[in-house]
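> Single-letter residue listing:
Protein chains: 2
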Amino acid sequence: MRGFQPSEFSARTRRAQELMDAAGLSALLLTTETDVRYFTGYLTRFWESPTRPWYLIVPATGKPVAVIPSIGQALMAKTWLDDIRTWTSPDLQDDGVSLLADALMELTPADGRIAVPDGHETHVRMPLADIERLRGKLGAREIASDFGILRQLRMVKSEAEIAKIETACHIAGKAFARVPEIVGAGIPLDEVFRKFQMLCLEEGADWVPYLAGGAEQGGYSDVISPASSEPLAVGDVLMLDTGLVWDGYFSDFDRNWAIGPARSDVKSSYARLIEASDAAFEIARPGATAADLFYAMNAVLTKDAGSTDAGRLGHGLGMSLTEWPSLIPTDDTVLQPGMVLTLEPGIAVGNKILVHEENIVITEGTPRFISPRIGPEIIEI
Amino acid sequence: MRGFQPSEFSARTRRAQELMDAAGLSALLLTTETDVRYFTGYLTRFWESPTRPWYLIVPATGKPVAVIPSIGQALMAKTWLDDIRTWTSPDLQDDGVSLLADALMELTPADGRIAVPDGHETHVRMPLADIERLRGKLGAREIASDFGILRQLRMVKSEAEIAKIETACHIAGKAFARVPEIVGAGIPLDEVFRKFQMLCLEEGADWVPYLAGGAEQGGYSDVISPASSEPLAVGDVLMLDTGLVWDGYFSDFDRNWAIGPARSDVKSSYARLIEASDAAFEIARPGATAADLFYAMNAVLTKDAGSTDAGRLGHGLGMSLTEWPSLIPTDDTVLQPGMVLTLEPGIAVGNKILVHEENIVITEGTPRFISPRIGPEIIEI
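Going line by line, the protein sequences match chains A and B.
Numbers 11 to 391, taken from our numbering, label the letters of the first sequence in order.
Numbers 11 to 391, taken from our numbering, label the letters of the second sequence in order.
There may be inaccurate statements among the hints.
Heads up, the list lumps identical chains together, so a pair's fine if it works in one copy or across two of them.
Keeping only pairs whose Cα atoms sit at most 20 Å apart, straight-line, the calculated SDA-like set for lysine to any residue is [stated by the list, open to error]:
1) LYS147 x TRP97
2) LYS73 x ARG123
3) LYS205 x TRP217
4) LYS184 x GLU226
5) LYS362 x THR98
6) LYS88 x ASP200
7) LYS73 x MET86
8) LYS277 x LYS362
9) LYS73 x GLU169
10) LYS362 x ILE81
Simulated from the structure, these hints should not be mistaken for lab results.
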């Protein structure tokens with residue numbers, strides 16, 4: 011099913027309002043694609059345009075109120091919202107700030123605290139000068155922190171959200187399975203990138219916001235580069251890491267292939283990666299922490315070595331390619347049923363690296379792989 | 011050619027430093043993908059991940075200094091920068107703020123003014139709480155406005171930038187020309203969207219960040235909706251509007267097709283759109299303003315009617331899908347050679363709309379179409 015039942019949005023709003031009440035907040039002010047969509051279902055690729063600001067207010071009671079450019083009115087009117095206020099944007103004198111301030115004044119008490127997400131993995135998507143202008147129009151009202159309310163809500167997914175992420179993962183799995191059709195020695199890496207995105211679309215992706223990877227002898231140098239035009243060669247390890255979207259939700263996992271026979275150190279390192287992600291999978295249950303998963307993987311990855319500069323070994327996943335929590339030593343977030351995580355161990359092979367990534371969902375008991383679980387032997391093409 | 015010569019980046023930096031000097035600014039602090047890339051060439055789809063902040067400092071003299079997560083070090087080291095400072099991100103205690111503050115203290119005088127883009131079409135891509143933390147670490151230094159320096163620089167493209175935008179437009183043109191291969195009565199619109207993105211990739215797009223459109227009887231309801239699964243029907247007007255990327259630069263134009271024979275009001279309204287964009291094209295020379303182009307189009311669009319709620323009729327184009335200036339009545343930006351614009355007239359047909367869009371470049375003399383110029387007769391499929 012595309013979209014969500016209205017009950018999904020009213021439940022999200024109610025939970026937010028409970029947390030707001032406990033924190034003494036009068037309203038949430040949201041400005042990013044994901045946060046606005048979380049409470050509305052408003053789904054459009056138009057956010058690719060940085061020109062216009064979009065505002066959503068979650069008041070202490072009742073439905074959210076949209077304060078948006080008029081170009082979005084028709085589409086927003088299809089959501090469960092009743093109160094949609096628009097202005098003709100861009101307005102070089104006052105790009106929605108007065109309209110937003112009026113709405114906030116109406117919806118909050120004179121000494122109200124208006125909260126914005128202000129912590130890790132957030133930003134306020136409006137001009138900095140307009141934040142100051144808004145402050146100046148709000149009287150005694152304060153712009154405050156949301157104390158991580160959005161993080162807390164979005165980190166635990168509903169069954170309907172998990173189903174969408176699973177669909178995205180299923181599509182990515184089918185595309186990855188067809189990679190041998192498009193790969194071989196002599197084919198330039200940028201052609202592989204293009205054709206892989208086509209496979210994702212052919213298998214049902216709505217769009218492909220993210221593709222990175224690499225292919226060099228015995229590994230690759232980093233995992234965030236765009237494709238070079240270098241042709242694949244025997245001895246290369248090819249990695250493709252995609253974040254594709256289905257109905258607004260991401261998959262995020264990778265696959266590795268050896269071009270020709272894999273070197274023995276590549277084989278053993280690759281097997282170690284699978285062992286590492288399996289080790290995290292085994293303990294990924296309610297009560298364990300994000301840090302616990304890091305340590306479970308890191309113990310496998312550093313079995314023969316003294317230390318590692320491992321960085322992050324996985325993260326949350328959902329409406330964004332990457333979300334809270336982080337699988338790092340300092341993230342003590344306790345796992346809860348409904349969290350969707352990537353397990354993403356990396357290992358050095360000489361002066362190259364290999365990275366493996368799977369997606370899992372935390373349940374009441376044993377976790378569940380939502381990317382197609384893969385064996386310890388690297389596939390040779 | 012992929013990328014730019016180092017001389018391109020040194021010229022951009024020098025121009026920025028001249029403008030900074032004139033405005034009494036000690037440094038620029040940049041946080042968004044486009045602004046960081048403008049001075050570095052740092053190109054990666056990894057910005058899709060909202061987790062990590064990235065910082066670039068343009069000091070009063072010398073090369074820019076990057077303060078970035080260590081995951082980006084290898085790729086940033088391939089740019090023309092010499093000074094790259096990294097931290098292991100995400101760091102839940104201090105996600106680069108101290109490292110950034112130290113760099114700013116070193117690179118600016120004690121009473122320095124550190125400028126961030128803070129006007130229309132900008133935001134600061136870092137947590138709001140970290141902006142406050144940064145302020146607290148900078149002593150007497152002030153976080154100030156960039157007074158539109160980034161806008162002024164990025165709005166006028168170099169020959170090398172224009173060549174990339176033209177390549178993107180050329181690819182989009184070839185994909186649009188092949189739309190009859192994938193379109194026909196009975197084919198669901200979301201399938202058309204998927205296949206069109208595949209055509210863009212097949213014709214050479216690196217990726218397809220933007221696709222919107224619509225297809226309804228005699229027009230469409232809005233221009234920002236994602237695809238429905240509704241099958242195309244005779245009498246529909248199909249519009250596809252894509253922003254595809256080649257080497258980090260966008261095309262942004264659309265095409266319309268009638269499914270079966272076009273209604274006479276559709277034909278005449280469509281011809282009016284072409285007449286409108288041609289009218290703007292005719293006067294799009296140095297010295298004319300963005301508002302002049304708006305009025306040239308609006309005069310054609312409202313020839314038979316009293317008024318219109320036209321909104322914006324085009325915009326700048328480049329590293330972003332949409333950029334300054336805006337073709338609206340209040341934007342007095344004077345056109346200069348090197349500006350790349352979209353002409354995007356829209357017209358009502360009953361309770362539906364039609365929108366047409368072309369891309370042009372402003373030169374010393376006659377402007378140049380960089381999207382394939384199209385005739386006044388809507389194509390029937």
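> Of the hints given before, which are not true for this structure?
4, 9
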